[in-house]
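> So the protein lines, in turn, are chains W and S.
The opening residue of the first sequence carries number 1 in this note's numbering; numbering runs sequentially from there.
The opening residue of the second sequence carries number 1 in this note's numbering; numbering runs sequentially from there.
Since the hints were made in silico from the structure, they are not lab data.
Any given hint could be a false lead.
When the alpha-carbon atoms are kept at most 35 Å apart in a straight line, the in silico DSBU-like pairs for lysine-lysine are as follows [as the list claims (entries may be wrong)]:
id: 1; chain 1: S; residue 1: 258; chain 2: S; residue 2: 46
id: 2; chain 1: S; residue 1: 245; chain 2: S; residue 2: 46
id: 3; chain 1: W; residue 1: 233; chain 2: S; residue 2: 186
id: 4; chain 1: S; residue 1: 245; chain 2: S; residue 2: 258
id: 5; chain 1: W; residue 1: 48; chain 2: S; residue 2: 245
id: 6; chain 1: W; residue 1: 233; chain 2: W; residue 2: 247
id: 7; chain 1: W; residue 1: 247; chain 2: S; residue 2: 186
All values reported here derive from a predicted model rather than from experimental measurement.
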Amino acid sequence: MLSYFIRRILYLVPILIGIALITFLLFRVVGGDPVDRVAGRYATEEQKEELRVQLGFDRPLWPQPGRLLAGDLDGFARNQLFGHFASTFTFRFGRSEQYRRSISEMIRSGAGPSLSLTVPAFIIGLFLQITIAMLCAFRRNSRFDRTVVVLSVLGISVPYLALIIFGQAYLAGRWGLFPIYGYPERFGFSVVRYVALPVLLGVAAGLGAGVRFYRTVILDETRADYVRTARAKGVGEGGVMFGHVLKNALIPIITQVVVVIPFLFLGSLLLERFFSIPGLGFMLVDAVAGADWPVINALTFVGAVIYLGALLVTDLLYALVDPRVTLK
Amino acid sequence: MTAPEKSRNYWLSAGREVLRRPRAAVSLAVILFYLAVALWGFTGWKTPDWETENFEMAYRPPSRAHPFGTDIYGRDVLAKTVYGTRVAVSVALTASVLALVIGLVLGLLAGYFGGWIDDLITWLFSTLQSIPYILLILAFAFVLQDRTFTLFGAEFRIRGINAVSLALGLTGWVGLCRLIRGEAIKHREREYVLAARALGSSPGRLIVRQILPNVVHLAVITFSLGFVSYIHAEVILSFLGLGVKHVPSWGVMIDDAKLELFRGVWWQLAAATAAIFFISLTLHIFGDAVRDGLDPRLRGERR
Numbered sequence: 001m002l003s004y005f006i007r008r009i010l011y012l013v014p015i016l017i018g019i020a021l022i023t024f025l026l027f028r029v030v031g032g033d034p035v036d037r038v039a040g041r042y043a044t045e046e047q048k049e050e051l052r053v054q055l056g057f058d059r060p061l062w063p064q065p066g067r068l069l070a071g072d073l074d075g076f077a078r079n080q081l082f083g084h085f086a087s088t089f090t091f092r093f094g095r096s097e098q099y100r101r102s103i104s105e106m107i108r109s110g111a112g113p114s115l116s117l118t119v120p121a122f123i124i125g126l127f128l129q130i131t132i133a134m135l136c137a138f139r140r141n142s143r144f145d146r147t148v149v150v151l152s153v154l155g156i157s158v159p160y161l162a163l164i165i166f167g168q169a170y171l172a173g174r175w176g177l178f179p180i181y182g183y184p185e186r187f188g189f190s191v192v193r194y195v196a197l198p199v200l201l202g203v204a205a206g207l208g209a210g211v212r213f214y215r216t217v218i219l220d221e222t223r224a225d226y227v228r229t230a231r232a233k234g235v236g237e238g239g240v241m242f243g244h245v246l247k248n249a250l251i252p253i254i255t256q257v258v259v260v261i262p263f264l265f266l267g268s269l270l271l272e273r274f275f276s277i278p279g280l281g282f283m284l285v286d287a288v289a290g291a292d293w294p295v296i297n298a299l300t301f302v303g304a305v306i307y308l309g310a311l312l313v314t315d316l317l318y319a320l321v322d323p324r325v326t327l328k
Numbered sequence: 001m002t003a004p005e006k007s008r009n010y011w012l013s014a015g016r017e018v019l020r021r022p023r024a025a026v027s028l029a030v031i032l033f034y035l036a037v038a039l040w041g042f043t044g045w046k047t048p049d050w051e052t053e054n055f056e057m058a059y060r061p062p063s064r065a066h067p068f069g070t071d072i073y074g075r076d077v078l079a080k081t082v083y084g085t086r087v088a089v090s091v092a093l094t095a096s097v098l099a100l101v102i103g104l105v106l107g108l109l110a111g112y113f114g115g116w117i118d119d120l121i122t123w124l125f126s127t128l129q130s131i132p133y134i135l136l137i138l139a140f141a142f143v144l145q146d147r148t149f150t151l152f153g154a155e156f157r158i159r160g161i162n163a164v165s166l167a168l169g170l171t172g173w174v175g176l177c178r179l180i181r182g183e184a185i186k187h188r189e190r191e192y193v194l195a196a197r198a199l200g201s202s203p204g205r206l207i208v209r210q211i212l213p214n215v216v217h218l219a220v221i222t223f224s225l226g227f228v229s230y231i232h233a234e235v236i237l238s239f240l241g242l243g244v245k246h247v248p249s250w251g252v253m254i255d256d257a258k259l260e261l262f263r264g265v266w267w268q269l270a271a272a273t274a275a276i277f278f279i280s281l282t283l284h285i286f287g288d289a290v291r292d293g294l295d296p297r298l299r300g301e302r303r
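Excised from the complex, chain S in its bound form (with noise of 0.2 Å):
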């Protein structure tokens, strides 16, 4: 093998190239302050108060006391609020890490070796692709919810929101399975890989040095996408009575809203809308400003 040349750490200049863009730190500022009101609602310090209920309080618009208004119990909206960004980080973040570590294993694994891997690969996410998404999703949260698992001797109960995690994790990595599948196929037969291949590299150094960056922005896209679609998702299994219960999450806000508007009640589903809005808003924009970092064919291109 040649000796190793000394060239600019893809990752690191990556990562200037998306901080040199104005719009993308501050997006990151903003992703950075949600992940730091989810934390904050872990740990449970000082964090606001959203179970005093109070009924004549209730349904009090926006007012100093009360900046996002109170709800029907006469709870604080904004306490509500932040209740629910721990809750949508939780479920975001565990199935985004769960879906984008079987899309990409299993997809680079089928597109390179192809053959019976392939074919195996295949049937199980055409298998599960072919069942509508909602529909598989709610059968995997029924079938989680409450369930106890003994893995290495540890026993594990799911409950709840868990089971809402797992099931968009366990079903989430097929769309990004079968890209990274079709991008690999294509790539297998390039000239480079080709090259790389005739020099001697294992089909490991392969897939991870040759393939992999080429189809790694995909797998960034998808995953800020992933991100805020589950996001969107355990607004919509709120709705269907699958989210979390008894306590506050954006979808269950939202939910409440369908009876409240035509009360001109308006503010708890604009604080939640406003929530998701801005944390959608700002991975867009972040995974855009990645994407256009990591992929080498974009350096240097103003867009």
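Just chain W, same shape as in the assembly (with noise of 0.2 Å):
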């Protein structure tokens, strides 16, 4: 068990170098030299100069052989690239060019609202996704598990932008049932007031997807032999469903769990932003419109690695819940 964590540890290294390297990519080679923008328009060219050496601009993109060749070590490990993957990988991301607030401090204080509206979202939307699913697979076929089926499918197809939009200026502005935007100036109590609406729009919107998704997901475990046996065998439909069939649909469920926290970011996103929730969405909105490149470049390498942090616990869970998986 324990090598394989530590291998697993070490598989995530060459990973988190692709990372840094599609960053450097998208916001170094191809984003180019910020400092015409972040230096505003009265700057003199000795003031730029200074501020391209400041944010290492001055250097090559790439590491020159020659320079190793050469002997000269320093000048060969001058370069964008090493600089980019040094900050990267010591999370020294640098400031905002919007703001010019340090952009690890902006991520700190944006973590806690945004888990404040997407943790309650998940744990419940979750819950109710697989009960419902259990149910209509339970009873499959029933009245209910149609009329569950044809609500879901209905439920995907309507936009999550026009729920939105339809919720905050119906059930916030025309009907007064929450507030229709903002969030306390300090975190207590009166958030819940405050995120209720975004939660249960997010809920809402995820519904659909997951009911549909959790039953066929269990239908087709319910085919599998080993359900048959257990039936030939006498048990109970309720044993069948909860001791057979939840347990061996909890592979493709996990991974489900997982492949869904990225659109957790997405979901965040637009509520953030349409609610003034001042999470990591509305932090992204807001360097998206302003191409505020460090910032997008700071919230891809610190989400890839919440990703990655809970992909790690994802296949430490396979091992846990599947015998068939064998750790070598």
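Two chains, two frames, some hints: make the complex.
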């Protein structure tokens, strides 16, 4: 187990390098020199040059093999690729071009509001999805099952943005059931009041797709041979569903849960923007609007690291729930 | 090898199976209608005029002359919806085909061969997948916007909407690839594949004849769901200011509605939402029917 764990962590190294390479290609090679953008209209050429040196854009993009052959190790190391890798892997992302604020600080202050929205939405959503899917599989082809299937397909077909706009304009605006937008200055119980509607909309948006997916997964399992065997030896329907089917359906369920995690990010992006929740999604929309590349670069890498952590947990869970997965 | 046995054609009988269901047949008709509207948009022959502005006619509710009402510039919302169909269908179709081909080929190769091929492909999709989806699309769309590429001596310029479809396609194959790879690994060790291998099937034949039919229903479901999700993604990219510019799209129409709705102007939101809703709905129903028809295990089962 331990050796598997260590190898699994070592396996992350090439992926982290891959991500740093992609962000380098996007934000340094393609994005190009930001100095004219950052320095402002009234900066002199000298100030610009100073800033360029400070941000490392005066260096060549790629390592120069010629320097290495000439024995100039420092000159070889002075390039944007190495600089990008060094700052990325030490999480030193610099400052936002728009706000001049430290990006690490911005991410730290944005994480709380984001999680206060996505965690409840995710947990409530997942619980409802699996419960309804199990009920459907339990009473498949009943009127209940057929109604749920129809409703979930109708639900998926509603565009997310339209749902948010409608919810905000009617549930909050017209009928005044919720605050239209906002977020308390200090984290406390009053947060519940403000995230209630976004959470509700997030859950509603994901419900159809989730129920549909888990119902298919569970029904696929009910056709497996071991289910027939269990029935043949006289296990009751409840025992079959919870003791056998749910256990085996856990693998696709866990896979799906991890696949959904990046979509939490996407979801909170829109919800945070519409409801003025000062989280990471809000920050990202703001950065996109202002072409604030360092912020997008930082969020890409941090988001990827969080995702890889989740993936690591998943793989360990696979090993725990499925004895057939051997750790070698 | 044994002589080929004359049997029912798999795809033909699957097609019959699908069209026997009235819901699937109706859905197919609606999908074809959308495709026809999109094609009509491309020909430009007597397409409704969405460009004429008439400020005296701004924000008129649905009427006989304007069945879906007018927008802030007095432009006909129905004409904008028709134009939006062309945008949505071309984005979704390009992205789906691209994602399907890449995902299926790489997934099968990785799952069947294992070894360094699997390592390389897994590295590629793990790297792409670990970047949050929306950031990846954003980054690709930005990078591909207004670039010129030289391919086989010909120059290609990627403009607005093509950047979006390319970004969606080049990032969208990851989920399918992962899924197909997992299934291929599962099937690789099954008895029927081992038996075919023992009979001397080549790897190519094994993949195409033995494993592919057992995973193709996943590709079909992913295609129909992917198509829908690209239509929805176009809405979100438009909201972020990355979609089409200066021409109508369903996304831009919904985006406009965020201010209109507070003023009681609901028809533009309703028109775009309805357009997305019905294509999503019918694609889902049709995708389900195709899955039931294609999955040999479900044949003859009434669901």
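> Holds or violated: residue 245(S) and residue 46(S), Cα atoms, limit 35 Å.
Roughly 23 Å separates the two Cα atoms, so the pair holds.
> Can you confirm whether the C-alpha distance between residue 233(W) and residue 186(S) stays at or below 35 Å?
Status holds; Cα separation ~27 Å.
> Compare the distance between the alpha carbons of residue 233(W) and residue 247(W) with 35 Å, and conclude whether the hinted pair is satisfied.
Holds, because 18 Å separates the two Cα atoms, which is no more than 35 Å.
> Residue 258(S) and residue 46(S): Cα distance at most 35 Å?
31 Å, holds
> Assess, step by step, whether the Cα of residue 245(S) is no farther than 35 Å from the Cα of residue 258(S), and give holds or violated.
18 Å, holds
> Has the given pair, residue 48(W) with residue 245(S), been kept, meaning a C-alpha gap of at most 35 Å?
Status holds; Cα separation ~33 Å.
> Is the Cα-Cα distance between residue 247(W) and residue 186(S) 35 Å or less?
18 Å, holds
Consistency with the previously given hints is maintained throughout, with no hint failing.
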